[in-house]
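Novice: This is what each chain is made of:
Protein chains: 2
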Amino acid sequence: MGAKREQNDLERLFDPRNIAVIGASRKKGKVGYKLLSNILESEYEGDVYPVNPKGGEVLGMELHESIEELPEPIDLAVIVVPAKLVKEAVHQCGEKGVKHIIVISSGFAEVGKVEEERDLVEEAKKYGMRVLGPNVFGIYSAKSDLNATFGPSDIEKGSIALLSQSGALGIALIGKTAQQYLGLSAIVSIGNKADIDDVDLVEYFSEDGESEVILVYMEGLENGREFMETVETLQEDKTVIVLKSGRSEKGATAVASHTGSLAGSDRIFSSAFKQCGVLRAENLREAFNWSRAFSNSPLPKNENTVVVTNGGGIGVLSADAAEKYDVKLLDDQTHLKETFEDAIPSFGSTKNPVDITGQAGKEEYEKSLRRAYESEEIGSVVGLYCEAGGGDAWGGAKAIKEVYEEYGDEKTSVFTFVGGKEADECVQWLRKHDIPAFTDTYECVSALGALYQKKRYLERMKNKEEIPEPDIPLEKIRNRLKQIRERDRLTLREDEAREILDMAGIPMAEGEVVTSLEGAVETAERIGYPVVLKIVSEDIIHKSDAGGLALNLENEKEVVDAYQAILSNVRKKYPDAHIKGISVAKMLQGGEETIIGGTRDNTFGPLVMFGLGGVYVEILEDVEFRVAPIGIKEARRMMGEINAFPVLVGARGESRKDLGALADVIYKISYLMNEVDEIAEMDLNPIKAFDQGEGCKAVDVAINLKRR
Amino acid sequence: MGAKREQNDLERLFDPRNIAVIGASRKKGKVGYKLLSNILESEYEGDVYPVNPKGGEVLGMELHESIEELPEPIDLAVIVVPAKLVKEAVHQCGEKGVKHIIVISSGFAEVGKVEEERDLVEEAKKYGMRVLGPNVFGIYSAKSDLNATFGPSDIEKGSIALLSQSGALGIALIGKTAQQYLGLSAIVSIGNKADIDDVDLVEYFSEDGESEVILVYMEGLENGREFMETVETLQEDKTVIVLKSGRSEKGATAVASHTGSLAGSDRIFSSAFKQCGVLRAENLREAFNWSRAFSNSPLPKNENTVVVTNGGGIGVLSADAAEKYDVKLLDDQTHLKETFEDAIPSFGSTKNPVDITGQAGKEEYEKSLRRAYESEEIGSVVGLYCEAGGGDAWGGAKAIKEVYEEYGDEKTSVFTFVGGKEADECVQWLRKHDIPAFTDTYECVSALGALYQKKRYLERMKNKEEIPEPDIPLEKIRNRLKQIRERDRLTLREDEAREILDMAGIPMAEGEVVTSLEGAVETAERIGYPVVLKIVSEDIIHKSDAGGLALNLENEKEVVDAYQAILSNVRKKYPDAHIKGISVAKMLQGGEETIIGGTRDNTFGPLVMFGLGGVYVEILEDVEFRVAPIGIKEARRMMGEINAFPVLVGARGESRKDLGALADVIYKISYLMNEVDEIAEMDLNPIKAFDQGEGCKAVDVAINLKRR
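From first to last, the protein sequence lines stand for chains A and B.
Reading the first sequence from the start, the letters are residues 1 to 708 in the numbering used here.
Reading the second sequence from the start, the letters are residues 709 to 1416 in the numbering used here.
Just to be clear, a hint being listed does not mean it is correct.
Calculated Cβ distances over 10 Å to all of chain B for the following chain A residues [claimed, not checked]:
#1 F137
#2 S164
#3 E525
#4 G605
#5 V647
#6 D658
With the C-beta cut set under 7 Å, the calculated list includes, among others, these residues of chain A facing chain B [to be verified]:
#7 F150
#8 K176
#9 S245
#10 L284
#11 V418
#12 D440
#13 E522
#14 R526
#15 Y529
#16 L588
#17 G590
#18 R636
#19 G640
#20 A644
The following label-pair restraints were derived from C-beta to C-beta distances [claimed, not checked]:
#21 N602/A to D1039/B: 39 to 47 Å
#22 S270/A to P1181/B: 40 to 48 Å
#23 E1349/B to E465/A: 52 to 60 Å
#24 D409/A to E1349/B: 23 to 31 Å
#25 R1364/B to P646/A: 40 to 48 Å
#26 N602/A to E1218/B: 53 to 61 Å
#27 E1049/B to E62/A: 41 to 49 Å
#28 E796/B to S346/A: 25 to 33 Å
#29 D827/B to D332/A: 54 to 62 Å
#30 E1031/B to A651/A: 27 to 35 Å
#31 G220/A to E1349/B: 33 to 41 Å
#32 D862/B to G220/A: 53 to 61 Å
#33 D862/B to S346/A: 50 to 58 Å
The set of hints was computed from the structure by calculation and includes no laboratory data.
C-beta atoms are modelled at their ideal positions from N, C-alpha and C, and glycine is treated no differently.
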């Protein structure tokens, strides 16, 4: 996929040498006041120039009456003036040599003023300025100790870059992070994204030297593919966590194909994120917990997790959570015994969860955790503390801190304290020391599960496949589709669709469209019985209802009868239909029905879909999507992800199906969808998969062209 | 189902007029000290008698040297002496006329000393004493202001009865409840449940006049059916929430049937809980959130929920959560407009979530919440506050308190504050005032979803069906099974299984077991072609592998050939097999394959299962279970809960299947499983469902008897 955006240097947005606040206010309670006050309260060391035509003084500073009169060129101008004055301010900033602009002011695209917003950005572009906003609450940058927001002034420093598309929620989250000692490297209110967008910011944070986690609250995305490409090229130690809201929104576009109707836009977000390694959190708490784990812990080196606990109850709960979040508990009893036997009391248990008993204090925690950290076989450690009577919560916490400081950078570990006031205080204390501690076992294990998701993604990426170009005559296909469109049709007839598949090298049940009874019989004899006859007409969509379909014809007589019956049925029901002919196709015996399709998504563009046919796709919606194009390996992974996959490998005592042949078709469809813009959507439904080595064949194909 | 347990009067356990602490200790740090100290610190008004043979003084009280010398009969004795001394202490308590005993001491069944535990209970029973424990941390009772635990002394009073099977976790949870202002009516450490168990306690709390929620941390359950019955008969305003751990544990018993192998014990817990109205929480946080909602809020009166928010972002998140937790947002735009139009700023939105904008303060919250509470059409209210700059969190909180105090007992409402320190403080303040407030929208809506689950359960129960006795000759069936067992067989032959189904009035494909070629032909002619021939022998399980099966025989010749081939195949492969004959059965055309089965669970006893056949059951495990017996209505509900249910009602353009006939079979199988102990498990696999009005017929049946 593509390269980085050009001229994307946001360095001076996050590390400006000086700042102008255009619209700084003398009135407490005004945004222009709070913003200036936040900048001054932060430990920002550059020069700050408040600008207000009324002049005067605020917060001990003189107000400059115009941008023009500022004594030096400006790196960052924050604009807080009313919407109608913004464009002029932008112009003046340009004249003054400002590098970056943050337009706090609202009243643009979010209230329908799209034109005004475009003007503003164009004005900025004239001067090579980048614009954040409009309709934002500002930015915070740990690098320059700059809080140029009108949100809270109390911000915890750390390695999480927080991007919020919602201003209000973003501000609330700043408060929440501080409250939970979740350290931030930056906060950006993305607002209307008139210029600077998610892609710019992810690119910037991937190289800012401060951020390890990029946490995005997202409501929508314009350029999904570019976002994916940007995330895919991130370094291994950077993680993007997205809380995407609007899950319940269904794709609104009316669509004609199965593939299209199954591709609800939210579902595609999940597929696309999975594909490019974005971790999708379901809610705020999960997003925070995961961010904490990624900012405080390395990725696990292997799949073996050990739980060390002082209580059986929370041990069992953590094992339940491990199953849910796909965290694998080490089950090597010999190794467990060797590792922990002389580190725990005799009435404890070396089984995993390792029970160091309710009497465990600092020493026992330290000893057992140290053992876990030191074992090569163990990839991650979960330390639990249950605040029962007689225990020593602070002893546990201190032990954790000691061993974490020794090993925590090398080996993955997460911790939970369950209990009352003291337990909560221990958690807060650990958090303050950048140790990933939680108040609930499920959340702790969920965070560990996220680390494993990332580890597994990176492993797949290590052997990332190059997607070769299949030998498909794209120009020929495009021309053919152009011809069809010229006849003002959007839906291909069977003969046309067959032609396209043929050019793409996608196998279909043998057949031909004929225009005479003799032709029908001849074709049937050639391809062999049984055959299927089907009316071919662009005017008839529901062929079966029209009496235009006859299945399982076993000899010449049946073909003759069916041919005549179809023509007579159709002429009766659709006297005006233009009939191209009748398709005679081999009736395929056996094989497993699957569906392979392609469609397009507003955000992510071309998609490919796979599922088992019939009930699986129509009722159970047991299908997988990928953003196209994908290679053969990814196609096989995709197939493996449907619930009914075992059916294809013979789980019911039947033979294994030709997965390679299916993967090849998925790969080709994904290539077609990506390369041939004309195609809006297509379904191979069903495409039958035969036994290993015997390939697959589409029984029916539908191709629709894009509306203009 | 059954009646209440007799002689189950635990009144004096929770409201004792006096207490003896047997094993009270003078040493700080000892359990016998902490327990006495907790009792004295609580505001318990009865007499307290510490007993210790060493005598002396502790905490300003004189230690009695023996139970015998206590000056009056005792309601509650708490025993904290070493395990080996417990029985004698129990004996002395009995002699002294003690009513209830709590055995704190551990060292009994949990370490394998089952006998000693049994002895102890028997000793107590001699005197009519009830025993809680052993191996517990004690009880807390708000009613008598008694904290007879060795856990924390700081307990928040309220209406939640907390039962914990894990001692350590239970103590930790007490701390957690206090920390979160989750008010408790009682705490019980259930421990080994040697005498008093979950059933006794649920019964007691259902009538204690204090508890609205019974929150159970459960690891296992002995008497699942009795527990279900007890919960089912609770009053509408009592709710049982169970956090059952051990989800990841798979049923360990080796089982032969499909039904059996699908019935993992944890899955059955979920089914049984759903069936009796227990709400199963997944983790501690969920259990706490739900408990809060139930103890602070009435059940919703209708399904229309309205969200009132000051921020769009958390509004969208709440809508996502509503979809996930099956909470229905009111969509009546006219009503929404009428209700809220003049209560919110002009730039707000009356769409649901109702956006009262970031500027909303106390007045706007009060007005809009009041409107929501007052609308008859609205069944529940979700109030959200997002702490962005410029808002007034405390104003929002105070508005909530005011309207909640006016309407909160009448109408369901839940609240969330998202933000930093101030938001958290508002949530704590609301909680302190018994208002269900949360720090996360998902958790808030999840709690509301739990209220709706309960509401829907109660509605179903209003029309609870009586389960009639079907006309099935149980004695005859039992006798027949006894005969088979007498021949030392556990698996029924086809002819025997057919006989049982026949007696039960469960339809099967017409057929007969014959012992001659002539018989085979005669039967085939009588029932009509095509037919299936199958070997009938108790020694041959895999009939198909043995060449003992022939399908789709269309005429006499084919029957004759198949008959001879089967005999010859089988004699070759199993020369010693005892051959009872050959089954000739109608080969059923069409219909949808389903599976109906019965099995037994260690905790809940007889179960019935339903699913679609083939892949659905084997790979997708798309089946539902119920604890038997169930009536026709419940059987239909059960069918409706499988994912592939739409297949049965013709979602794929096929005809609707005869659901009534299937439900009748499910009902009868559930009755058989419940009444005929001999049957370990049975599968009707497949049983074909035909079109509406045409019934269903089992194609194959397997019945296994219980091992002795």
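Novice: Hint by hint, which ones does the structure fall short of?
Specialist: 1, 2, 5, 13, 14, 15, 16, 17, 18, 19, 21, 22, 23, 24, 25, 29, 32, 33
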